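Novice: Numbering (the working numbering), first residue to last: 1 to 282.
Hints are computed from structural coordinates only; laboratory data are not their basis. All values derive from a computational prediction rather than experimental measurement. Where a beta carbon is used, it is the ideal one built from N, C-alpha and C, also for glycine. Accuracy of the hints is not assured; some may be wrong.
Said to hold, decoys possible - As a list, the in silico DSS-like pairs of lysine-lysine whose alpha-carbon atoms are at most 30 angstroms apart: (1) 158 with 113; (2) 160 with 113; (3) 66 with 158; (4) 113 with 66; (5) 158 with 173; (6) 173 with 223; (7) 160 with 173.
To be verified - Restraint ranges, calculated between C-beta atoms of paired labels, are given here: (8) 92 with 14: 26 to 32 angstroms; (9) 219 with 4: 27 to 33 angstroms; (10) 15 with 193: 28 to 34 angstroms.
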Amino acid sequence: MVWDPLTGDRRAVDIPALFHRWDMVVYHGSVRCVDGDGCYSNPFEVAVVGTDTSGTVAFICVYSSKTGNWGNVVSAPISPGDYMSFSSILDGDFLYWLLGNHGCPILQFNLVKQTATLVNAPPDLRTNSYGGFHIAPAEDGGGLVILAVTHFSLNVWKGKTNRDGIAGWVLEKTIELDRLLSFGTGPETWAPVILCFAEEHDVVFLSTHVGFFMVNMQSMQFKNIPQILKGGLYYPFSSFYTKEAAELLPPCDMSKKPKVPFAGALPDIEEYGSNIGEISCY
Numbered sequence: 001m002v003w004d005p006l007t008g009d010r011r012a013v014d015i016p017a018l019f020h021r022w023d024m025v026v027y028h029g030s031v032r033c034v035d036g037d038g039c040y041s042n043p044f045e046v047a048v049v050g051t052d053t054s055g056t057v058a059f060i061c062v063y064s065s066k067t068g069n070w071g072n073v074v075s076a077p078i079s080p081g082d083y084m085s086f087s088s089i090l091d092g093d094f095l096y097w098l099l100g101n102h103g104c105p106i107l108q109f110n111l112v113k114q115t116a117t118l119v120n121a122p123p124d125l126r127t128n129s130y131g132g133f134h135i136a137p138a139e140d141g142g143g144l145v146i147l148a149v150t151h152f153s154l155n156v157w158k159g160k161t162n163r164d165g166i167a168g169w170v171l172e173k174t175i176e177l178d179r180l181l182s183f184g185t186g187p188e189t190w191a192p193v194i195l196c197f198a199e200e201h202d203v204v205f206l207s208t209h210v211g212f213f214m215v216n217m218q219s220m221q222f223k224n225i226p227q228i229l230k231g232g233l234y235y236p237f238s239s240f241y242t243k244e245a246a247e248l249l250p251p252c253d254m255s256k257k258p259k260v261p262f263a264g265a266l267p268d269i270e271e272y273g274s275n276i277g278e279i280s281c282y
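Work out the full structure: start from the sequences and follow the hints.
Specialist: Below you can see the structure in the form of structure tokens.
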């Protein structure tokens, strides 16, 4: 099911036949707006990724709303136990999935060439990142970064790219979270944990021993989140209005505004653009 939560539009898309087999596991789906207009005029693509039950091969297949058909299935070998608990990141013509084991490799898929390869993460990423890690688009709008928490520091690893994708990593910067968020450290404290990342606004959500925060990676502005988040996996969702989207919406009765599990207004919202309404983490 492809769903636009802003307009309520839903589109049912059949899963490829391969993924109906008993020995296949579907992990994630990702949507790309082909024309870059927020999918308001169509067309769109849906990429589905999964593995066999042995966890040794990853399979990717792409659906096109233009043709109404699925393309060829593309495969790439992975190590058993490289589970896909992380959602995808779209950067240009590339989709990335961070695999959560055995050195944390990244599954890279070229949407144009329809090829899948594995990219090695920075050395010792898993053993040194006590507060977790997450992939995200680079701040300059090109390439990929890995956010990794070690003790009370947030390390930002920038991917070095070539025409084939990621070719290596360099430590771009280190953010001292205990200083930025002004909380003390001691025997009863624990390292911050990355919950999720809102790539449209470059905002990372963190859990700390003093509460939950969202931090803008460009401005370093942050906001404390008073609600208690429960669960282990989170998906960031932001709502905004463009001229095209507003024309599709029915008249809104603000007295009947629905409640959401968690929503927090971004600090200094003007710097993100007046069209942004709120950002949420589910």
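Novice: Look at each hint and say if it fits the structure.
Specialist: Evaluated hints:
1. 158 with 113: holds (24 angstroms)
2. 160 with 113: holds (20 angstroms)
3. 66 with 158: violated (35 angstroms)
4. 113 with 66: With Cα atoms ~18 angstroms apart, residue 113 and residue 66 stay inside 30 angstroms; holds.
5. 158 with 173: holds (9 angstroms)
6. 173 with 223: Holds: residue 173 and residue 223 sit about 21 angstroms apart, inside 30 angstroms.
7. 160 with 173: Distance of about 14 angstroms is within 30 angstroms: holds.
8. 92 with 14: 26 to 32 angstroms: The hint (26 to 32 angstroms, Cβ to Cβ) holds, given that residue 92 and residue 14 are roughly 28 angstroms apart.
9. 219 with 4: 27 to 33 angstroms: Holds, since residue 219 and residue 4 (Cβ atoms, about 29 angstroms apart) stay within the stated range.
10. 15 with 193: 28 to 34 angstroms: Given a distance of about 33 angstroms, which is inside 28 to 34 angstroms, the answer is holds.
Hint violations for this structure: number 3 only, all remaining hints satisfied.
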